[in-house]
Amino acid sequence: MKKTILIPTDFCIESLNVLKQALLLDTNKELTVVLLSGQLLSDSIVDLMFYSRRKIINSLLKPSFNDAISILKNRFTTNLVDVRIELFHGLNKNAFKNFISAHKIEECYVAKHYVLKKTGNTLDVIDYIRKCNLPVYEMDWLLTQGTSEFDQLETLIS
Amino acid sequence: MKSQFKIALIFFAGTLSIILLLSISVYYFSSRYSFTDFYKRLEVRAVLAAKSQLESEEEKASAFKEMREKHLEKLTGERDYFFKINSKSNLINSAKQLEVPVQFFEEIANRGNATLKKGDLFFSGINYKGLKGNYIIIVSATNDYDTQHLLHLRNIFIIALPLTSLLALAISFLFSKRIFKLIKKITDNVKEISSENMHLRLEKTPADNDEMGELITTFNNMLDRLETSFETQNNFISNASHELSTPLTAIIGEAEVTLSKDRTSKEYTEALHIVLNEAERLDKITKSLLFLAQTGFDGKKQKMELLRADELLWDTKKTIDKMNPANQLQIDMNMVPENPEKMSINGNAQLLHLALANILSNACKYSSNKPVKVSLATTDSDVVIIVKDSGIGIPEEELKYIYDPFFRASNTRNFEGYGIGLPLSRNIIRLHKGSLEVSSTVNNGVTVQVRFPRSN
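Going down the list, the sequences are from chains A and B.
Everything in the first sequence is counted per our numbering, starting at 1 for the first residue and increasing by one.
Everything in the second sequence is counted per our numbering, starting at 159 for the first residue and increasing by one.
Everything labelled a hint here was simulated from the structure, so no lab data went into it.
Be aware that one or more of the hints could be misleading.
Capping the alpha-carbon separation at 27 Å, the derived lysine-lysine pairs in DSSO-like fashion look like this [to be verified]:
1) K591(B) / K112(A)
2) K218(B) / K232(B)
3) K62(A) / K500(B)
4) K117(A) / K73(A)
5) K500(B) / K475(B)
6) K62(A) / K73(A)
7) K500(B) / K29(A)
8) K160(B) / K342(B)
9) K591(B) / K73(A)
10) K342(B) / K62(A)
11) K118(A) / K93(A)
12) K531(B) / K73(A)
13) K73(A) / K500(B)
14) K558(B) / K62(A)
15) K342(B) / K2(A)
Just chain B, with the same shape it has in the complex (with noise of 0.2 Å):
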């Protein structure tokens, strides 16, 4: 569970970098807030002072002098100062009585107002002309009132930070936790499946919707590939065992009986002639099964070299010719292209022969030597070939079986025929990065069309 671990520390200290931004700024805005507002309270306090001291009009003075004492909190440490302003010598003599830079009193006299803090004391100073003459006017005080404010947020922070970052790394980890518990969970499934138990799937709830439903699907399709090819390994073991038993059984039942007693001459020959015809059998079946594991990867490389289509088809026409004299093959040239070079294509002679005889002799023996249309053409990219029968046909739900090795559709039990032929011509048309398609209904013969890429 180690990126379980990452996650949760990657969340917590996210939100523990947001929780201490947050703390800081409060506080540090917070007293900036109070320092501000405390130099306005000494402002007042000093404008009211200057009203109620340097008013020319006595009723209004105590007027502003009963205002400040009724209505102004008196501050901790609060004291008014006055300083007669005549000249320059005046202001350092000033400054130097209250202890301060003389800078302060030069921004009064300038700039009308200014503040300065020294140590806990605050000051904030106003430059009055009135009839008694120029006046600087500074209130001091201690800031007490803001600094326990400050003190009780800084407490408040203390303790609420570490609660709080508790808090945050426990709601990662349960974070972290929920978001891996879905993926334990498919991992837990997915260990309970084994090749036993194949058809197993993943379990989907309608509520895993999202990425997780992805994921389930995702691995519940290749659950269906990965059981489909077992099922094909399996059944081609089954086929395969039968198809070389059958003769076997045939050869040893054959020397048994021969064996039970003594025979004439004649009777043995009968019966070697027997046990030959099915060991050939036998021995066909293997070299073709051979075959068919040796073009189904491309590990060994073919030697290619060019080739016409035309003449590859007149050759497989003289092959079948040899091996069924009643073929009605009939090769259509109507459409071949005027160049002869457009029809050349890549390829091993003696694979692409195999292939096409397979395809042409198939067509012949399921139509049972009807009339076979064998056509040739080009198009731009491609040489097409289109052999077409009138044979007994494939049921259309057998169509997608048909390249399974050993399968034999359901309606040829009248015919000889092992099974390899097809998925041996599909291997070889692979190999040369051709196409084969093979269209057919019922009693009404069956299409093929092979397209190899031209060579140019």
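Looking at chain A on its own, in the form it has when it is part of the complex (with noise of 0.2 Å):
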């Protein structure tokens, strides 16, 4: 069964279970997967005017959670069709909505305990998520003790 989903992200590794959970639960999807942040917009006009989602994602990403998605469409590659990275930039459930249905999500996963990571851009999409009429799954596991990269990996593939 093809399916959709939406997974809020804040590009640390850690975050990555909600989806290997995902994908652990039901082995007969296939999956696409859509890993949303949410971003405040820069109020400056020339910011506005030079604005590049694959700029702004770029400078977010880090090659260490490249990495670990690719671990994950290496051990599901039957179940993990696609994995999208997207932005929101939305500020009311409205936009939200319209977002949910342009790019067709039909479920969403949540970390139960995890909380996701805050910078100065950062946008909290978890509640837009629960007010959106679509199916909210928690999702939950043993979280890391240490806070390093290498930690979150060795949770993440164990």
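Two chains, two separate frames, one set of hints: put the complex together.
Laid out in structure tokens, this is it:
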């Protein structure tokens, strides 16, 4: 069964555990995954003129995060069709509903205990996800003790 | 100091050519100006002569004459010539009379004025059309004044040129000497540093914030690195000799004690057992040292073949099980790729086996056989193996020394070992273009991440 799901991310390897758990949950699905990060847009008109989605994503993305995604892709070759990274810049519920319908998202997966890390421009999308009338599944795993990427990767692949 | 001389010469040649160019152009342009200026003066005299001689009104003519006599300086050899021009033949006759080319007269007749130089004599003529008819007036004079001026200028240059060249030569030598003084200082300083006083560094004054400062910093950085590797080398030798001498001392001591008096055969057997044990230990150390040396350089090409990382791990686990039956190694295959081909790596099975066995047995040993988790996964480019134990860990400030041969962390006193395993593993992994990373905190276990490039 083909499905498009949405997972909020903070570009930390730890947050990919939601995706891992979602994939382990049901092995008969073919998932297209949208990793979503809410980002506040700059107020400066010059910044808006030179807006580039790719540039913002590249500034947030670390090579180790890409590595972790590729580990999941290799592990779940049949179940994981595609992983996309998208940005959400909206400020209200309707904007989020538009985003959901534009990307044809059917289900949302969020972490039960893990709290997404926030930087200066981060927009909290969890509230929108809970209010958008789509089924929301909460995933849980044994959180990593250490803070290093090393330990996070170890949690993900064990 | 050959290049110092060269730089001085180049600098001198440049300065000299500038001086020469400047003096030549000054001389040339001032002489040209003096000619045109002299012709102008002659022409003014010619006009005044014409006005004073050929003006119809007497009063005006005398005024012009007075003006010329009172206000204009008499030139050397100044002479006026008046020619009444009626026809072409008249021109030729006049030219003959003055012994100048007829073209000069023709030019005056056509253009209204002309100039000519004959030897030292300068001619300037004008065409004057007055009431008394058509006249050509020519004034001639020698240019004594300007010739003297130019002569003077030439003399100045003849004296000044050698003087300035000498000055330029001196400056260029000073200049190049100053540049090379700094380099000479650095050379002298570096000469003082030898293997006995590796701690010495080049002095850097705040004024050396330029290229020379950069050179000094580069030198100092290089010395830092050299000193570190020197120390490592020294440590290695002292550590190695210590490790080798311990079993030897035991063997010698045991043999001496046994030989001091007659023993029963049982006592001899016991002593020989101890000697054998120590000799075996000695053998192990020297063998692993030899291996370390062999893997340390890339000179000998190892035989590489296609291997599967998961098989390698299982094989290694078998070895560990034999060596240490109480181990609790858990190989976690949750994240291995669906396509097993993605786990293949290029490598030498024996060497990789040795490297992994070292890492895994370390994990078991230092966690006193608590569970050790080994996970395997593949990214787009690498095969990743992560080994996590919950043992004694490595103190953070000692993490940077763990790859030094014979180094043992301060909290490992209760565990047996020589400190050769990890450096050997790292050498092997480097040989396979892989990477080995270790992260740890005390009492919280060690996480080791090994990566090998995937072969595809």
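Okay, the hints, checked on the actual structure:
no. : hint              : verdict
1   : K591(B) / K112(A) : violated, 40 Å
2   : K218(B) / K232(B) : holds, 21 Å
3   : K62(A) / K500(B)  : holds, 23 Å
4   : K117(A) / K73(A)  : holds, 24 Å
5   : K500(B) / K475(B) : holds, 21 Å
6   : K62(A) / K73(A)   : holds, 17 Å
7   : K500(B) / K29(A)  : holds, 22 Å
8   : K160(B) / K342(B) : holds, 13 Å
9   : K591(B) / K73(A)  : holds, 24 Å
10  : K342(B) / K62(A)  : violated, 49 Å
11  : K118(A) / K93(A)  : holds, 20 Å
12  : K531(B) / K73(A)  : holds, 22 Å
13  : K73(A) / K500(B)  : holds, 12 Å
14  : K558(B) / K62(A)  : holds, 25 Å
15  : K342(B) / K2(A)   : violated, 76 Å
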